[in-house]
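> In case you want the letters, here they are:
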Amino acid sequence: MRIRAFMKKNYLLIALLLVTVFFAVATKGKLFYSGNVKNLFLQNMYVYILASGMFICILTGGNTDLSCGSAVCLMGAVAGRLMENGFNGVTAFMAMLLIGIMIGIIHGYLIGKMELPSIIVTLAGMSIIRGIANLLLGGYTLSITDEVFLRLFGLSKGYYAVFLFVLFSIMAAVYISEFAPVGKHIYALGGNGEAAKTSGINKTFIVMFAYIFMGILTAIAAAVVCGRTETVGPGLGETYAMDAIAACFIGGTSVSGGKGRMSGVIIGALLMGIINQGMSILGLSVNWQGVIKGVVLVMAVLSGYFLSRKGRKQK
Amino acid sequence: MKKYLRLYSTEIVFILISLSFILLTSAEILRPMNITAIFLQNSYIFILVVGMAICMSVKDNIDISIGSFVCFICAMGGVFMSIMKINTLLSIILLLILGIMWGCLAGYIIAYFNIPAWVTTLGGYLAFRGLGVALIRQFSNTGSIVGINDSFLKLFSGKIFPSKIGSFGYASLIFCLVLASLGIIYKILSIRKEGSRITSSMVIGIAAAYLLSIWIGICFALTGGVPVSFIWMLIIVCTTAVWIDKTSEGRRLLMLGANLENARIAGVDTKRAVLMTYVFMSLCATVTGCIVLARFHASSSYAGVNFEMDTIAACAVGGVSLHGGKQKIFKAVLGAAMIGVINLGLSLLGVDMNWQWIIKGITILIAVTFDRYLKKDRFE
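Protein chains in written order, with the working numbering: chain A, 1 to 315; chain B, 1 to 380.
Same shape as in the complex, but just chain A (with noise of 0.2 Å):
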């Protein structure tokens, strides 16, 4: 009875553990090299920073951003063609924000207000968005090379500026989901959305806020993204809504909302990160990165039923 109160308490740090462990031994220890345990971190500080925002929008209701991939195209997109006639980063970064706040605004009105299911308006968004960026980028990729853009967001300048954004997307989640009066609405709200609204929690708002907050996490995760790489083109952040959704729903977060903490977040999102770096050494091919990925996330949902039921049955 100890060691199943244990297990189930520690689930996470053991799931890390044990695949940690497993890459460990099928990448006959490369995924310890100094480099790989750089680029561990490196290259997915976007599903930390996605995954904060979506952890937010899960925690309203079950509400999902599919788009916010295709969205990290487009404000790339946007920013690229902003900084190739001439104006600065700082300015590409501000056109950023504005997008994920406006793609904030209409998802949240949409979702909020019209009560509309989240997954079929952001499935029309991740279309709709993914065609304008196309449409920007016109199959070509560009480079980024100006000066300030990189300072703040990219790693080749010896600046280190872009771990405060990641930093900062990590503790504005953790200071709305913990400390913040609208938090304990939107963990509310996620519980049970009728008492929610019935004891005078505006829907809207808080739905619109999430995904405003999202939006604005988007265009932080869309600059990181861009100033690691240096480039942005066609087909950037295909996988990105899964690999976030999957790190909420690894950090044991209710996948009907209402249920779930930042610490598990980032936990499932270092996982995520693992296991993505873990099949790129070991060289599977994108296909089987999808396949892998995919039953990762129906099994990280069905863990979450096992434990959860568990725990009913105890009490």
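Misleading hints may appear alongside valid ones.
[Said to hold, decoys possible] Once the Cα atoms are required to be at most 30 Å apart in a straight line, the calculated DSSO-like pairs of lysine-lysine come out as:
(1) K328/B / K8/A
(2) K28/A / K38/A
(3) K259/A / K197/A
(4) K246/B / K59/B
(5) K59/B / K259/A
(6) K85/B / K154/B
(7) K59/B / K203/A
(8) K271/B / K246/B
(9) K271/B / K259/A
(10) K203/A / K184/A
(11) K3/B / K113/A
(12) K271/B / K3/B
(13) K113/A / K328/B
(14) K59/B / K113/A
(15) K184/A / K59/B
(16) K328/B / K246/B
(17) K154/B / K164/B
(18) K271/B / K197/A
[Stated by the list, open to error] Label pairs and their calculated CB-CB ranges:
(19) R264/B / G35/A: 53 to 63 Å
(20) S285/A / I160/B: 36 to 46 Å
(21) S26/B / S156/A: 34 to 44 Å
(22) I14/A / L348/B: 50 to 60 Å
(23) M353/B / P181/A: 18 to 28 Å
(24) V295/A / R264/B: 29 to 39 Å
Please keep in mind that the hints were generated in silico from the structure rather than gathered at the bench.
Given the structure is predicted, the values throughout are model-derived calculations rather than measurements.
Glycine included, each C-beta is placed from N, C-alpha and C at the ideal position.
Assemble the complex: chain A is given as a structure, and chain B must be docked to it using the hints.
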């Protein structure tokens, strides 16, 4: 006014969109070749929309894995027939078994573990696209497995009542007329049986349907016969429409959508019913996969890209309620025809692929918002 708008919104929008594309393409879209192309190139939407309408009849249910699953079925069909040299019949049976297996798995996870449909099918969306493409890459260097059995191709693509292009195939026209007459006789009989009177709007509807089928028949006659995919589409649409309208099982499904809790208390095995909707959806996707495989004559890694978008768009414009319980198969099929017209019209106009994505996304958003607006008005 609002009452008519609510009742006939799908039909009105269909007529408006058709008219605008007729004007935009200066009637190019009405050419027999193009009308046939709607059914040839977009047969997948018609079949998938039926499955999706059934699936979405229960609140919060959706299947976004269908596009990837079509790709997977194409790949497996290629592997079975071209690589393993299994005969056609056995291959089809194996593919159907695969479809049932995925339907059971997804349905079981969704219905019995209470996992939201979008998460489960998102997993399938990722996994099947990866599996399909990986299989095709495994067995060929060119990105497509060729060498599909001839009998399979005959069964799922090509034409029946073939006639030379340029000559008039009377057999196709007569076939379409017979089908249309049968359909209308069935409709009149069922109205009689219910004891309700035939109103003037029904007469208009029947006349319009009859004229439309004559037109389609003439188009098929001029372009070399009735496409087999059209027959598959008819079979699936008609059996499903009868099933959902006339049998107790089908009515129960609609009741399930209207109010899951009430249905459960009334003694319906709701979990099993939800599971069955996913099996049905996957079977539709399997048939679609076979048709796509036969149409390309090879399993391609691009099979099924964006099919889920088209299907959800068709459901949205076809008045499939997102809150369940209001499904009319006929309207959903009209929605599919609408997306078919949009697809064809946009490609006739030479609109860029990316613009097509944007337009389809906006179509979905407008359709679901409009649907919501009409419904909200009634409840408040």
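> Now look at each hint and say whether the structure bears it out.
Each hint tested on the structure:
1. For the hint pairing K328/B with K8/A, the CA-to-CA distance comes to about 46 Å; that exceeds 30 Å, so the pair is violated.
2. Restraint check for K28/A and K38/A: the C-alpha separation of about 18 Å stays at or below 30 Å, so the hint holds.
3. Of the supplied pair hints, the one linking K259/A and K197/A holds, its CA atoms being roughly 18 Å apart against a limit of 30 Å.
4. For the hint linking K246/B to K59/B, the alpha-carbon distance of about 22 Å falls within 30 Å, and the restraint holds.
5. A distance of roughly 22 Å separates the Cα atoms of K59/B and K259/A; the hinted pair therefore holds under the 30 Å criterion.
6. For the proposed pair K85/B and K154/B, the alpha carbon gap of about 17 Å is at most 30 Å, so the pair holds.
7. A C-alpha spacing of about 20 Å is found between K59/B and K203/A, which places the hinted pair at or below 30 Å, so the restraint holds.
8. For the hint pairing K271/B with K246/B, the CA-to-CA distance comes to about 22 Å; that is within 30 Å, so the pair holds.
9. Proposed proximity of K271/B and K259/A is supported: the alpha carbons are some 25 Å apart, at most 30 Å.
10. For the hint pairing K203/A with K184/A, the CA-to-CA distance comes to about 13 Å; that is within 30 Å, so the pair holds.
11. Taking the CA atoms of K3/B and K113/A, the gap is about 24 Å. The hint holds against a cut of 30 Å.
12. Distance hint between K271/B and K3/B is unfulfilled; the C-alpha atoms sit about 35 Å from each other, more than 30 Å.
13. With a C-alpha separation of about 27 Å, the suggested pairing of K113/A with K328/B holds against the 30 Å cut-off.
14. The hinted pair formed by K59/B and K113/A meets the criterion: a straight-line CA distance of about 19 Å does not exceed 30 Å.
15. With a CA separation close to 28 Å, the supplied pair K184/A and K59/B stays within the 30 Å bound.
16. Of the supplied pair hints, the one linking K328/B and K246/B holds, its CA atoms being roughly 12 Å apart against a limit of 30 Å.
17. As the CA atoms of K154/B and K164/B are separated by approximately 17 Å, the hinted pair is consistent with the 30 Å bound.
18. For the hint linking K271/B to K197/A, the alpha-carbon distance of about 29 Å falls within 30 Å, and the restraint holds.
19. Taking 53 to 63 Å as the suggested C-beta distance range, the pair R264/B and G35/A conforms, at roughly 56 Å.
20. Between S285/A and I160/B the C-beta distance comes to about 41 Å, which sits within the given range of 36 to 46 Å.
21. Separated by about 55 Å at the C-beta atoms, S26/B and S156/A break the suggested range of 34 to 44 Å.
22. Under the hint 50 to 60 Å, the C-beta atoms of I14/A and L348/B, about 58 Å apart, fit the expected range.
23. Evaluation of the 18 to 28 Å hint for M353/B and P181/A yields a failure: the beta carbon distance comes to about 46 Å.
24. Taken as a hint, the range 29 to 39 Å holds for the pair V295/A and R264/B, whose Cβ atoms sit roughly 31 Å apart.
Of the numbered hints given earlier, the model fails hints 1, 12, 21, 23; all others are met.
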